[in-house]
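Those protein sequences? They're chains A and B, same order as listed. Using the working numbering, you'd call the opening residue of the first sequence number 11 and step up by one each time. Using the working numbering, you'd call the opening residue of the second sequence number 1261 and step up by one each time.
Calculated from the structure, these hints are not laboratory results. Just so you know, these numbers come straight off a predicted model, no measurement behind them. Don't be surprised by glycine CBs; every beta carbon is placed ideally from N, CA and C. There may be inaccurate statements among the hints.
Restricting the straight-line Cα-Cα distance to at most 25 Å, the calculated cross-link-like pairs of lysine to any residue (SDA-like) are [claimed, not checked]:
hint: 1; chain 1: A; residue 1: K65; chain 2: B; residue 2: Q1262
hint: 2; chain 1: A; residue 1: K109; chain 2: B; residue 2: V1284
hint: 3; chain 1: B; residue 1: K1375; chain 2: A; residue 2: P49
hint: 4; chain 1: B; residue 1: K1363; chain 2: A; residue 2: R119
hint: 5; chain 1: A; residue 1: K109; chain 2: B; residue 2: K1375
hint: 6; chain 1: A; residue 1: K65; chain 2: A; residue 2: D48
hint: 7; chain 1: A; residue 1: K13; chain 2: A; residue 2: R83
Between beta-carbon pairs, the in silico distance windows are [what the hints assert, rightly or not]:
hint: 8; chain 1: B; residue 1: V1306; chain 2: A; residue 2: T96; range: 19 to 29 Å
hint: 9; chain 1: B; residue 1: Q1329; chain 2: A; residue 2: R19; range: 33 to 43 Å
hint: 10; chain 1: B; residue 1: S1321; chain 2: A; residue 2: G26; range: 21 to 31 Å
hint: 11; chain 1: B; residue 1: G1322; chain 2: A; residue 2: N94; range: 37 to 47 Å
hint: 12; chain 1: A; residue 1: G52; chain 2: B; residue 2: Q1343; range: 34 to 44 Å
Far from chain A, some chain B residues (derived; all Cβ distances over 10 Å) [stated by the list, open to error]:
hint: 13; residue: Q1268
hint: 14; residue: T1269
hint: 15; residue: S1302
hint: 16; residue: S1321
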Amino acid sequence: DVKVTQSSRYLVKRTGEKVFLECVQDMDHENMFWYRQDPGLGLRLIYFSYDVKMKEKGDIPEGYSVSREKKERFSLILESASTNQTSMYLCASSSETAKNIQYFGAGTRLSVL
Amino acid sequence: AQKVTQAQTEISVVEKEDVTLDCVYETRDTTYYLFWYKQPPSGELVFLIRRNSFDEQNEISGRYSWNFQKSTSSFNFTITASQVVDSAVYFCALNNFNTNAGKSTFGDGTTLTVKP
């Protein structure tokens, strides 16, 4: 079974803090994704990566950055957390050889106070 | 540009009723994949089905069935004899063959509540 693991299920941070959300997949997938999910807004793509050290902006990259130093790990960074970044964050991975099905982690619910 | 529309924001049914979740998509590409994912209350999205644009054959898996019609750009999902465990948010998604990194466009989701 494909496993996508997000480091934290719940996280509470203060405004202005630097926040790292970590995601690890164990299926050697080349593609990885970060989404945020808010009520009524569906899944919005923040960033994605198709290879180590490669990244592309999604639909809502402002206020976020990412890092992919190893194939299995994709990190989402909030340089200076703000209250409007309170949300559910979902990581996913996929591979063309796995028919581009996206496999998701359990999500991190981030609260910025 | 591509788009996925799930017009039904919320649906509520009583157990054992049949329910159909609608999905309409827009794409200029002739080759693409369509997906359905389920997000139960626990939060983790799980893959249900994938269809490619060459295959309009409908599919049935237990109580689940999918109706893909290219003529109407629709990929609808029917649950027969719904159960409380079917309560979840369901997402339809579109992925073009040539899209970088297998990026998918997701609909906004339909929240299905099945009452006992």
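Hints, verified against the model:
Annotation: proposed proximity of K65 of chain A to Q1262 of chain B holds, straight-line Cα distance about 21 Å (limit 25 Å). Using a Cα cut-off of 25 Å, the hinted pair K109 of chain A and V1284 of chain B holds, with the two alpha carbons roughly 21 Å apart. The hinted pair formed by K1375 of chain B and P49 of chain A meets the criterion: a straight-line CA distance of about 21 Å does not exceed 25 Å. Pair hint K1363 of chain B plus R119 of chain A holds up; C-alpha atoms about 23 Å apart against a cutoff of 25 Å.
Distance check on the hinted pair: K109 of chain A and K1375 of chain B sit about 35 Å apart at the alpha-carbon level, beyond 25 Å; violated. Of the pairs offered as hints, the one joining K65 of chain A and D48 of chain A holds, with about 23 Å between alpha carbons and a cut-off of 25 Å not exceeded. Under the criterion of a C-alpha separation no larger than 25 Å, the hint pairing K13 of chain A with R83 of chain A is consistent with the structure, at around 12 Å. In this structure the hint that V1306 of chain B and T96 of chain A lie 19 to 29 Å apart at CB holds, the actual value being about 25 Å.
Range check, Q1329 of chain B to R19 of chain A: Cβ separation about 39 Å, and the 33 to 43 Å hint holds. Distance hint check for S1321 of chain B and G26 of chain A: the Cβ-Cβ separation is about 49 Å, which falls outside the suggested range of 21 to 31 Å. Between G1322 of chain B and N94 of chain A, the C-beta spacing of about 42 Å keeps the proposed range 37 to 47 Å intact. Taking the beta carbon of each, G52 of chain A and Q1343 of chain B are about 25 Å apart, not inside 34 to 44 Å as hinted.
The Cβ of Q1268 of chain B lies farther than 10 Å from every Cβ of chain A, with a closest approach of about 13 Å, so its non-interface assignment holds. For T1269 of chain B, the non-interface assignment is contradicted: its Cβ lies about 8 Å from the closest Cβ of chain A, within the 10 Å cut-off. A cut-off of 10 Å between C-beta atoms contradicts the statement that S1302 of chain B is not in contact with chain A; the least separation is 7 Å. Chain A leaves S1321 of chain B outside its interface by the beta-carbon criterion, the shortest separation being 15 Å against a cut-off of 10 Å.
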